[in-house]
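A.B. asks: Read off the chains here:
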Amino acid sequence: MATTKVERGEYSALVDLEHNHEHEHAPFIAHHFYTAEQQFDSGKLGIWLFLVTEVLFFGGLFVAYIIYRYNRPEVFVDAHHHLDTLLGGLNTIVLLFSSLTMAWGVRAAQLGDNKTTAISVLITMVCAALFLGVKAVEYSHKWDLGLLPGDMFSYDPHAHHEHHLISNYLLLLCIPFAVILVATLVASVLHLNTGKSVIGRFYGGIAITMLGFFGGVLVGVLWMAGAATDESHSSDAHAAVATDATARLVSFEVDDAAAKTPATTEASATDAAATTPAVELPVDKKLGVFFSIYYCMTGLHAVHIIGGIIALSWIFYRSLAAHWRSDYFGPVDYVGLYWHLVDLIWIYLFPLMYLIR
Amino acid sequence: MADHSHRNETGHSGHGHAGHGHSGHGHGEHFAHPAPVWILFGTFFALICLTVLTVYVADNVELGSFELVVSMGIATVKSVLVGAFFMHMYWDKGFNVLVFLSSVLFFALFIGYTLMDSYETLPNVTNYYKTK
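Respectively, the protein sequence lines represent chains A and B.
Those letters in the first sequence? Residues 1030 to 1386, per this note's numbering, in order.
Those letters in the second sequence? Residues 172 to 303, per this note's numbering, in order.
What the hints contain is simulated information worked out from the structure, not anything from laboratory work.
Just to be clear, a hint being listed does not mean it is correct.
As the list claims (entries may be wrong) - Within a straight-line C-alpha distance of at most 30 angstroms, the following computed DSBU-like cross-link-like pairs (lysine-lysine) qualify: (1) A:Lys-1073 with A:Lys-1144; (2) A:Lys-1144 with B:Lys-264; (3) B:Lys-264 with A:Lys-1073; (4) A:Lys-1225 with A:Lys-1144; (5) A:Lys-1315 with B:Lys-301; (6) A:Lys-1171 with A:Lys-1315.
In this text the structure is predicted, and so the values were computed from the model without any measurement.
Start from the sequences and build out the full structure, keeping to the hints where you can.
C.D. replies: Below you can see the structure in the form of structure tokens.
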């Protein structure tokens, strides 16, 4: 704090100094800042304000979740049968690890170690892509089963589900990543051959990031294949769980109706519950609302991961160009803060979506 | 305390790399606070342990209606760790921390006011737990 409140005279002295030595000493201080620290502090406050808007942005979705869970707890208990805790847990650990490498990269940039910054930022990007790969497998599997948002929900617990190892939706999701992989590989080889090592290594890093996505897809597909063989051994048990869940929903609905008509006694309500199979209820619609919330929250989070990869690739490029020094590392710090916030949101999303019992 | 020893370490490495010591805008070189390596690894290890714990509790411990409270409590401990050490709030300026925490306050107000009428639907919820 003290250094930003220097006397006016001292400021002008610093300004003179900046002009004299601009190129050798402080190549990245914008002309409207007096000192490197003043520039850093301004940027830091700016990124914190941005993170505040992000918290409130996600806040609206968290409120939607809380209201719906409070009003319809049974829908959430049923919904967790469709979410794979181990895949979600794996993704949590991948994101936590990427936060560690990000913090490591910020530390290295603060020490002026550009090489370590480049490597840690690259690992962060690979982890981010791996997260997206696993998510792509989860999403495409749900789309195959008809676990879709709102009115599009068409899941039938009694239907026999063919377990395609590779879903068509998954192939569709892979296309953009494959295109970027091929393009950056070619660009990398071309640039490295013509001696442009910084841009060549940059494209190489992006290609490695895309490989991280396919690594995540591979892990997800293998896991799903393992789960599918387990399931075929106990498909009867699975069907029993499904009908049990439906019965619970139905009996709840009947009680709900009973509560609204005071004339009906508790006994008749249980009688009605016993004869439930005849009653047709819009169970799907309610699960569809859960999946609307699920896709909005995890989808918006995934969009933030993609934005994070783009921002990180900028940091990666500047690390390769050796821009960071102990008095200029702001951008690494700012992108790092954003990345940690994305991790922070997942820390709440994981138990809210995957750990309902 | 940790803060001070830390500043010294930073100051030295800062000068070493920038290579122009106390001359002129040496002012600006004390603002980098690289987090100690053991803190970064310790935070990561704690986060992994808490993740395993929250999955274990969800699968093996019967908590009933406290389930949400416990899992959100663990998530909050995790986010405090991320905020304090990965996001450097422990070393950051108080004003920045205040700005960020204000978002949490407004989020709490948002949820609090929205849930005010939740007693309207309470009969449904209690009925559900009775039938369970």
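A.B. asks: Against each hint, give a clear statement of whether it holds in the structure.
C.D. replies: A quick look at each hint next to the structure:
no.	hint	verdict
1	A:Lys-1073 with A:Lys-1144	24 angstroms, holds
2	A:Lys-1144 with B:Lys-264	28 angstroms, holds
3	B:Lys-264 with A:Lys-1073	10 angstroms, holds
4	A:Lys-1225 with A:Lys-1144	17 angstroms, holds
5	A:Lys-1315 with B:Lys-301	20 angstroms, holds
6	A:Lys-1171 with A:Lys-1315	16 angstroms, holds
In terms of the numbered hints stated before, the structure departs from none.
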